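Going down the list, the protein sequences come from chains X and Y. Start counting the first sequence at 1; every next residue gets the next number (my numbering). Start counting the second sequence at 1; every next residue gets the next number (my numbering).
Source of the hints: derived by calculation from the structure; they are not laboratory data. Everything numeric in this text was worked out from a predicted model, so none of it was measured. It is possible that some hints are incorrect.
Identical copies carry no separate label here, and so any pair may be met within one copy or between two of them.
As the list claims (entries may be wrong) - Cut-off 30 Å, straight-line C-alpha distance, at most; resulting in silico cross-link-like pairs (DSS-like, lysine-lysine):
1. K109 with K180
2. K75 with K179
3. K75 with K135
4. K179 with K214
5. K180 with K243
6. K243 with K75
7. K180 with K75
8. K243 with K179
9. K243 with K135
10. K135 with K214
11. K109 with K214
12. K109 with K243
13. K179 with K135
There are 2 protein chains.
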Amino acid sequence: MNHYRLTLSYDGTDYAGWQAQAGENTIQQNVEEALAVLFREPTRLHASGRTDRGVHARAQEAHFSAENAFPRPQKLRRALNALLPDTIRIQRAVPVEESFHARFSAIRKEYRYFIWNGEVMPPFLRNYRLHARRKLNLDAMRSAAERLQGTHDFAAFTANPKRDVSSTVRILNELSVSKKGNEIQLRAVANGFLYKMVRSLAGGLVRVGLGELKPEEMTRILESRERTARIPTALPQGLFLWKVTY
Amino acid sequence: MNHYRLTLSYDGTDYAGWQAQAGENTIQQNVEEALAVLFREPTRLHASGRTDRGVHARAQEAHFSAENAFPRPQKLRRALNALLPDTIRIQRAVPVEESFHARFSAIRKEYRYFIWNGEVMPPFLRNYRLHARRKLNLDAMRSAAERLQGTHDFAAFTANPKRDVSSTVRILNELSVSKKGNEIQLRAVANGFLYKMVRSLAGGLVRVGLGELKPEEMTRILESRERTARIPTALPQGLFLWKVTY
Numbered sequence: 001m002n003h004y005r006l007t008l009s010y011d012g013t014d015y016a017g018w019q020a021q022a023g024e025n026t027i028q029q030n031v032e033e034a035l036a037v038l039f040r041e042p043t044r045l046h047a048s049g050r051t052d053r054g055v056h057a058r059a060q061e062a063h064f065s066a067e068n069a070f071p072r073p074q075k076l077r078r079a080l081n082a083l084l085p086d087t088i089r090i091q092r093a094v095p096v097e098e099s100f101h102a103r104f105s106a107i108r109k110e111y112r113y114f115i116w117n118g119e120v121m122p123p124f125l126r127n128y129r130l131h132a133r134r135k136l137n138l139d140a141m142r143s144a145a146e147r148l149q150g151t152h153d154f155a156a157f158t159a160n161p162k163r164d165v166s167s168t169v170r171i172l173n174e175l176s177v178s179k180k181g182n183e184i185q186l187r188a189v190a191n192g193f194l195y196k197m198v199r200s201l202a203g204g205l206v207r208v209g210l211g212e213l214k215p216e217e218m219t220r221i222l223e224s225r226e227r228t229a230r231i232p233t234a235l236p237q238g239l240f241l242w243k244v245t246y
Numbered sequence: 001m002n003h004y005r006l007t008l009s010y011d012g013t014d015y016a017g018w019q020a021q022a023g024e025n026t027i028q029q030n031v032e033e034a035l036a037v038l039f040r041e042p043t044r045l046h047a048s049g050r051t052d053r054g055v056h057a058r059a060q061e062a063h064f065s066a067e068n069a070f071p072r073p074q075k076l077r078r079a080l081n082a083l084l085p086d087t088i089r090i091q092r093a094v095p096v097e098e099s100f101h102a103r104f105s106a107i108r109k110e111y112r113y114f115i116w117n118g119e120v121m122p123p124f125l126r127n128y129r130l131h132a133r134r135k136l137n138l139d140a141m142r143s144a145a146e147r148l149q150g151t152h153d154f155a156a157f158t159a160n161p162k163r164d165v166s167s168t169v170r171i172l173n174e175l176s177v178s179k180k181g182n183e184i185q186l187r188a189v190a191n192g193f194l195y196k197m198v199r200s201l202a203g204g205l206v207r208v209g210l211g212e213l214k215p216e217e218m219t220r221i222l223e224s225r226e227r228t229a230r231i232p233t234a235l236p237q238g239l240f241l242w243k244v245t246y
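Please take these sequences and the hints and turn them into a complete structure.
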């Protein structure tokens with residue numbers, strides 16, 4: 001068997017997320033179809049994790065194995081990009097050892113969530129930013145973010161805790177808030193994320209920024225380990241899978 | 001009569017340019033329809049200049065006059081944005097003196113042309129950049145750009161010199177080339193531009209960057225005052241109307 005690793009960027013706007021599903025246009029299905037053409041065999045692609053409908057990736061990672069070898073591996077990236085829609089781009093395609101697993105070998109993942117905090121959304125960013133018209137309180141958001149950093153049970157910040165069978169404890173190495181002009185960037189780095197966890201963290205932080213939640217309440221919500229309606233799931237279009245570290 | 005000035009941003013990707021045309025979806029027509037709703041009369045919008053199919057605007061300027069006054073002028077921007085598609089945004093809507101004319105009062109215009117100079121185009125930029133895979137020679141491009149700056153007859157750099165009846169002489173105050181990472185930015189500032197002039201300048205500079213034209217040849221082409229096939233019109237998606245100065 002031949003093993004390969006892919007690094008992908010995609011604009012999630014018009015996709016029903018990563019995972020192949022009957023009757024839906026997904027990232028996985030598009031890339032698997034291109035691989036099937038080039039390798040002349042059905043090929044299953046394994047990502048570092050799923051991304052939801054409308055979520056983007058700057059650098060998603062994936063691996064696959066094939067019976068057939070690609071005759072010119074240094075041309076694999078270009079051949080895949082020639083077959084794929086321009087909303088999905090292969091940044092890197094390289095042979096890899098069999099032991100590499102895009103999901104299980106990952107030691108850290110980084111997501112970024114972008115918010116346009118101004119009256120008028122630039123039309124070029126409409127698919128890539130959450131729009132918050134009212135000015136958000138950065139100090140309050142930073143105070144809340146600091147309370148969420150570290151090793152915690154994040155059951156209160158996932159849409160479906162039972163989907164993750166083993167544990168809802170994660171190490172959130174970083175949750176930071178920065179601003180440049182009208183653009184606010186949330187940066188979340190962890191050993192792994194629960195289902196819709198980043199969008200829940202972002203949703204909570206935006207409510208804090210709006211003054212609808214106090215930073216101290218985030219600690220109580222975290223400790224409750226119960227999902228509450230006070231933590232909304234922020235819209236998908238602001239979210240980017242930024243980097244996976246192995 | 002009541003007079004207003006609008007500053008607009010738009011994503012030109014899905015529009016047949018600025019100018020209203022029967023059977024085409026244009027920026028002008030969309031904004032005029034929104035104005036007709038708010039002012040309860042047919043309203044003609046005058047821009048600083050047309051932009052072509054697929055060209056974007058960071059800050060287009062326009063004016064219009066209406067018999068009816070808008071009862072709450074400070075809410076005009078928001079009311080227009082509520083009616084417009086999110087690919088067209090009003091950044092500013094203010095009452096203005098009758099003497100203001102978006103086209104004739106303009107003293108300077110700035111366009112920027114963006115090139116992604118790397119093997120793989122990021123999917124998020126696909127509608128906003130020209131893609132040049134081969135590395136462009138920046139020094140050669142800068143040398144060519146310098147030769148084009150100043151007051152010249154730019155007949156060799158317009159798609160249709162007869163469209164501009166009076167004169168093809170323009171004052172090109174600035175034509176500069178800068179690069180950050182894989183992104184090249186061309187900045188063109190002039191008292192006015194001929195039809196497809198910026199895209200012709202960009203097309204010529206890209207050919208120089210590829211080594212297909214020498215910087216010195218740009219001087220000869222300029223002096224010939226004749227359009228030649230050696231100057232291609234660069235694709236519209238890299239072009240942004242950046243700023244109009246009054």
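Verification of the hints:
When the C-alpha separation of K109 and K180 is checked against a cutoff of 30 Å, the pair qualifies both within a copy, at 23 Å, and between copies, at 27 Å. Taking CA atoms no more than 30 Å apart as the test, K75 paired with K179 passes between copies only; the shortest distance there is 27 Å, against 40 Å inside one copy. Taking the closest pair of Cα atoms, K75 and K135 come within 30 Å of each other only across two copies (18 Å); inside a single copy the shortest separation is 48 Å, beyond that limit. Only within a single protomer do K179 and K214 lie at most 30 Å apart by alpha-carbon distance; the minimum there is 20 Å, versus 44 Å between protomers.
Both within a single protomer and between protomers do K180 and K243 lie at most 30 Å apart by alpha-carbon distance, with minima of 21 Å and 21 Å respectively. Taking the closest pair of Cα atoms, K243 and K75 come within 30 Å of each other only inside a single copy of the chain (24 Å); across copies the shortest separation is 42 Å, beyond that limit. Proximity of K180 to K75 under the C-alpha cut-off of 30 Å is restricted to the inter-copy arrangement: shortest distance 27 Å between copies versus 39 Å within a copy. Within a single copy, K243 and K179 get their C-alpha atoms as close as 20 Å, and across copies as close as 25 Å, so both meet the 30 Å cut-off.
In this assembly of identical chains, the alpha carbons of K243 and K135 lie at most 30 Å apart whether taken from the same copy (29 Å) or from different copies (26 Å). For the identical chains of this complex, K135 and K214 are intra-copy neighbours only, at 16 Å inside a copy versus 51 Å across copies, given an alpha-carbon limit of 30 Å. In this assembly of identical chains, the alpha carbons of K109 and K214 lie at most 30 Å apart only when taken from the same copy (28 Å versus 47 Å across copies). In this homomeric assembly, K109 and K243 come within 30 Å of each other (Cα to Cα) only inside a single copy, at 6 Å, whereas the closest approach across copies is 40 Å.
Taking identical chains as interchangeable, the C-alpha atoms of K179 and K135 lie at most 30 Å apart only when both belong to the same chain, with a minimum of 12 Å there against 33 Å between chains.
In this structure, every one of the numbered hints holds.
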